[in-house]
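Student: For reference, the chains in residue letters:
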Amino acid sequence: MITFFIRHFDRTAIGFVTTLLLIAVVVPLLNLAVPESSAFHIPTYLVSLWGKYLAYALLALALDLVWGYCGILSLGHGAFFALGGYAMGMYLMRQIGARGVYADPVLPDFMVFLNWKELPITWYFFDHIGYTLLMIVLVPSVIAFVFGWFAFRSRVTGVYLSIITQSLTYALLLAFFRNDMGFGGNNGLTDFKYIIGFPVQAASTRATLFALTALFLALGFLLARAMVVSRFGQILASIRDAESRTRFLGYRVEHYKVLVFVVSAAMAGIAGALYVPQVGIINPSEFSPSNSIEAVIWVAVGGRGTLVGAAIGAVLVNFAKTWLTGSFPELWLYGLGALFILVTLFLPKGIVGSLAVVVQRMKGGSAA
Amino acid sequence: MNLDLTDSILYVDAVSVSFDGFKALNDLSFVVGRGELRAIIGPNGAGKTTMMDIVTGKTRPDNGMVIFDGSIDLTTRDESAIAALGIGRKFQKPTVFEGQTVEDNLLLAVEGPRSAWSSLFGWRSRVTVDQVLETLSTIRLGDLKHRLAGSLSHGQKQWLEIGMLLAQNPKLLLVDEPVAGMTDAETEETARLLTSIAGEHAVVVVEHDMSFVRALQCKVTCLHEGSVLAEGSIDAVSANDRVIDVYLGR
Amino acid sequence: MLRRLFVIFGLVVLLAGGAVRASYADDATLTLKRLATDNYADIELGIAAVAASGLPSAEAVLNALADSRLSYRSADKALFFKDASGSWIDAATNTMPAEQPSGLKPVKVNNRVRRALEAALGSMTLMAADPQKRIAAAEAVFKSRDVNTLAALESVIAKEQDAVVKRHFEEARAAVLLLKVDAPESDRVAAAERLGERGDQDSLALLGAVSEANASANTVVAAKLAAKGISRRLALLSTVQNAWYGLSLGSVLLLAAIGLAITFGVMGIINMAHGEMVMLGAYTTFVVQEIIRTKAPGLFDWSLPIAIPLAFCVSALVGLLIERTIIRYLYGRPLETLLATWGVSLMLQQAVRSAFGANNREVGAPSYMSGVWDLNGFQITYGRLWIILFGLAVFVALLGVIKGTSLGLKMRAVIQNRRMAAAMGIRTPLVDALTFALGSGVAGIAGVALSQIDNVSPNLGQSYIIDSFLVVVFGGVGNLWGTLLGALSLGLANKFLEPIAGAVLGKIILLAVIILFIQRRPRGLFALKGRAVEQ
Chain G
1 MITFFIRHFD RTAIGFVTTL LLIAVVVPLL NLAVPESSAF HIPTYLVSLW GKYLAYALLA
61 LALDLVWGYC GILSLGHGAF FALGGYAMGM YLMRQIGARG VYADPVLPDF MVFLNWKELP
121 ITWYFFDHIG YTLLMIVLVP SVIAFVFGWF AFRSRVTGVY LSIITQSLTY ALLLAFFRND
181 MGFGGNNGLT DFKYIIGFPV QAASTRATLF ALTALFLALG FLLARAMVVS RFGQILASIR
241 DAESRTRFLG YRVEHYKVLV FVVSAAMAGI AGALYVPQVG IINPSEFSPS NSIEAVIWVA
301 VGGRGTLVGA AIGAVLVNFA KTWLTGSFPE LWLYGLGALF ILVTLFLPKG IVGSLAVVVQ
361 RMKGGSAA
Chain C
1001 MNLDLTDSIL YVDAVSVSFD GFKALNDLSF VVGRGELRAI IGPNGAGKTT MMDIVTGKTR
1061 PDNGMVIFDG SIDLTTRDES AIAALGIGRK FQKPTVFEGQ TVEDNLLLAV EGPRSAWSSL
1121 FGWRSRVTVD QVLETLSTIR LGDLKHRLAG SLSHGQKQWL EIGMLLAQNP KLLLVDEPVA
1181 GMTDAETEET ARLLTSIAGE HAVVVVEHDM SFVRALQCKV TCLHEGSVLA EGSIDAVSAN
1241 DRVIDVYLGR
Chain Y
2001 MLRRLFVIFG LVVLLAGGAV RASYADDATL TLKRLATDNY ADIELGIAAV AASGLPSAEA
2061 VLNALADSRL SYRSADKALF FKDASGSWID AATNTMPAEQ PSGLKPVKVN NRVRRALEAA
2121 LGSMTLMAAD PQKRIAAAEA VFKSRDVNTL AALESVIAKE QDAVVKRHFE EARAAVLLLK
2181 VDAPESDRVA AAERLGERGD QDSLALLGAV SEANASANTV VAAKLAAKGI SRRLALLSTV
2241 QNAWYGLSLG SVLLLAAIGL AITFGVMGII NMAHGEMVML GAYTTFVVQE IIRTKAPGLF
2301 DWSLPIAIPL AFCVSALVGL LIERTIIRYL YGRPLETLLA TWGVSLMLQQ AVRSAFGANN
2361 REVGAPSYMS GVWDLNGFQI TYGRLWIILF GLAVFVALLG VIKGTSLGLK MRAVIQNRRM
2421 AAAMGIRTPL VDALTFALGS GVAGIAGVAL SQIDNVSPNL GQSYIIDSFL VVVFGGVGNL
2481 WGTLLGALSL GLANKFLEPI AGAVLGKIIL LAVIILFIQR RPRGLFALKG RAVEQ
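Protein chains in written order, with the working numbering: chain G, 1 to 368; chain C, 1001 to 1250; chain Y, 2001 to 2535.
Incorrect hints may appear among the rest.
[Said to hold, decoys possible] Straight-line C-alpha distance at most 20 Å; calculated EDC-like pairs for lysine to aspartate or glutamate:
no.	chain 1	residue 1	chain 2	residue 2
1	C	1058	C	1073
2	Y	2166	Y	2182
3	Y	2105	Y	2038
4	C	1093	G	241
5	Y	2133	Y	2154
6	Y	2224	Y	2212
7	C	1171	C	1143
8	C	1058	G	243
9	C	1093	G	243
10	G	349	G	330
11	Y	2295	Y	2202
12	C	1058	G	191
13	Y	2507	G	243
14	Y	2180	Y	2139
15	G	193	G	127
16	Y	2180	Y	2202
17	Y	2133	Y	2118
18	G	349	C	1098
No wet-lab data here; the hints were simulated from the structure.
The following block holds chain G by itself, in its conformation from the complex (with noise of 0.2 Å):
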């Protein structure tokens, strides 16, 4: 399995968890270990919107391995990346205790100010954080996995199959909404303290969590290089490119769909909580289905079916999108709206995926 495994490893990818790990130790220690004033001196904010980036990043890969691999678009991963955030988000609540506005050791402050006695069973066990990080890829996971059960079993494929998944994450917003469902309701879970016992704000811990998101992208990177260099993966592209004809081979369409599905919600799902404690606030707008739409942009910006295209596509967008909205934000939707329309008619590939044609011409290489 190794040996295989190294041989299916390309420049590329070795390239990109190579620096991958390399800003993960780079960044954490030029924003500590310089002192301010030199002018190489990352600030902490920067370390913490980088980090949010990377997490996008992780959100893109997710769905690059439906989208790029499996030709699933879903239009609702934004909801798996909403519920690992809130899931992180309830262990940060919980964490906050006594030290909260109504000193409450035990109820998050807004459930103080909606007069709640007690804590909702959902919330049970978050002061764990053990049972936090199990949660963060259950809850994405047991999801995805009914929702695509059901999907992939009667067959709901393509557009329609997009359209559902962009009813789940509706679903989801207007429910996260509701202040009854004890998850902060509209003003979401926020003013986090500590993170298992470190003060949140602190810049050492944001350079952790920066560098733990980075190492986390490459781990997840590696798990989905992993599925699609191997013969799973080749099904899966079958079943992208002829799902009858593959099923008429005797494989279990359904199965191999749910599986990757999966996989890729609860990637999702870490991506959201690697998220939660670098912006410091996670409400239902996350679930809104514009949010899960422009990370199909991101992938398809990077190029989609490349895994790094995606990731690169998320830090790009995202960088733009900062720059754009601070500097001329009635530009912003101009541009992102642009960006989908040329992507789509000019470069269908995206960058990565152009890139890797244009590699093979100069090489004088044949397409196969």
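Assemble the complex: chain G is given as a structure, and chains C and Y must be docked to it using the hints.
Tutor: For chains C and Y alone, kept in the frame of chain G given last:
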């Protein structure tokens, strides 16, 4: 009839199916014996492809029985279950995995574990590689094994799909218009191939090309409006007045 | 016997006003003076006396008191009130005094006084000439249940000619009698039955107040029976009302989705900018109204009929532009179309935000859109009625275009077999473009209607896009009738779920149900079957 059932690889009895009032199959019954080669002819809309859809689980019949291998009811199973039982199908329009190489296409088809777990953690064995090489030589695509299937000619795709069918090693092959888009030489070769694999496998061929059907030298069933119009040797069927009326023309 | 005496007494007091005036002329001023005090209890008693006095000015005086227009001269306790023109009238003579009175003090009212006033006025207007006033008076008695008005009621019931007014009188009497502990049992039972026939929420409340503590067993039974009847009727009414709301929501969904039924259902284009076509229609309505407001305010009621064709044109043109520049390169690639049109939708939203601002824009309702039509407790708002009719009209018109025009014929030909249609000489790209423009234009028309019930903001379209897709998919792609049925059934389901589960939860349940439904029947209610639909 019971005698037929135990001897048969495929037993289709009184199958009807209709789409929005249109009766695609109307009380269709026929039996294919083990190892038999059978040609099915008939005009467009006679129900040939629908019959294949029913056998392979793509369409459910409104009523009637479809029994495989003497005892297995096919009407309650889906495509992958039926494929796993040992029924292979070649589509009318050649359907191969265009984005993958010829070799990979065959590797995907080779009989073996099909579950998602095994595909994640299992690796190809020596046997399957041999099997792939053998199939490649049978379908004469050995030189092209690293080409993308999408870059093959129409006839080559037909061959590749037949090869995939062979690699599956099914008990029953359903072959829908295998020689469309082939040269005469290729057509002859296909007829030879299909006759040679019959015996070991049962083969049902749907074809319009009458010289090809003649070359198969097998029992012919002519369908019309969803049921069997005539059955017998090619000479008997092509001499049948009604077959001439509805299909062959005078 | 007692009752007859009562009636006679009432007749004497109330009807023989002239005689009373003649015989008690001197008492008139005395009676009025009872109001000239600061003691609320005295005023309360005085009101009853004035009401019973038969003075020509009695009604005016009591009305003046109710409106705080009544004053008295501290010196001699003479009463004056201000008339409509604001000049003082002497209550005793009901004429203008020779000189302006001075040293006036207002007669004050508290809640008890006000209640007494209402009852007194109620019984007085029971005899008004205008039947509407008599009904209003009966309703006032119904609410106050003032035992003192009973005599008056009995007398007016006896001589009332108008059946409707008489019914109100009897209901008022029933309201009084039902909870009058010393009334005869037969009267109270009859009252319960009467209220049961009236059958509204007020009657139900009155009947609910009857118990063993204040009534005989028979009365209680009668009250319970009547209450049950009312509850049943009210439940039925609320079902009908829910069905109406559901129908109304359904027609909104129909309007929002019907354009999509063309672009998505018929052409297979995933137009995520569909909601923005609706939004453009709504903004067109806004612009039309703005122009009318400044240039020709008299035409305001015509603003919607003017906006409809304009909205169609605006959205159709934008649709045409999108099809020619983007979508035509993406036919056969539905997921790419989805992304590109999402981009279009973002740009259109931002464009509208730049042009009109991010805030809601005020779109007014023409006169015929406002108002309520009450059908025996079942309320039909004209706005909803118009939208339902409009939705159906658009549906029928679209059906007509598809079935009855040459464009429709070509559309159907291209959809069924593009290559064959092209071979027949149909210019398929043109048909594609026109079909898309038609779908977009219909969305624009929907925007005119939706501007009446929703906030006109750049986000208007976003709130409809998911619902629209669900309606089309639920109804069955490629089938306008499916869209109609899908929209109406989703609307009804939503409104019947709302009272049970609450608005948001109801919506969530519905989404879950649709998701499950699509998984059961991926091709919707009216699925096309057979080989044609595969791949």
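Student: Of all the hints given earlier, name the ones this structure violates by number, lowest first.
Tutor: 2, 7, 10, 11, 12, 13
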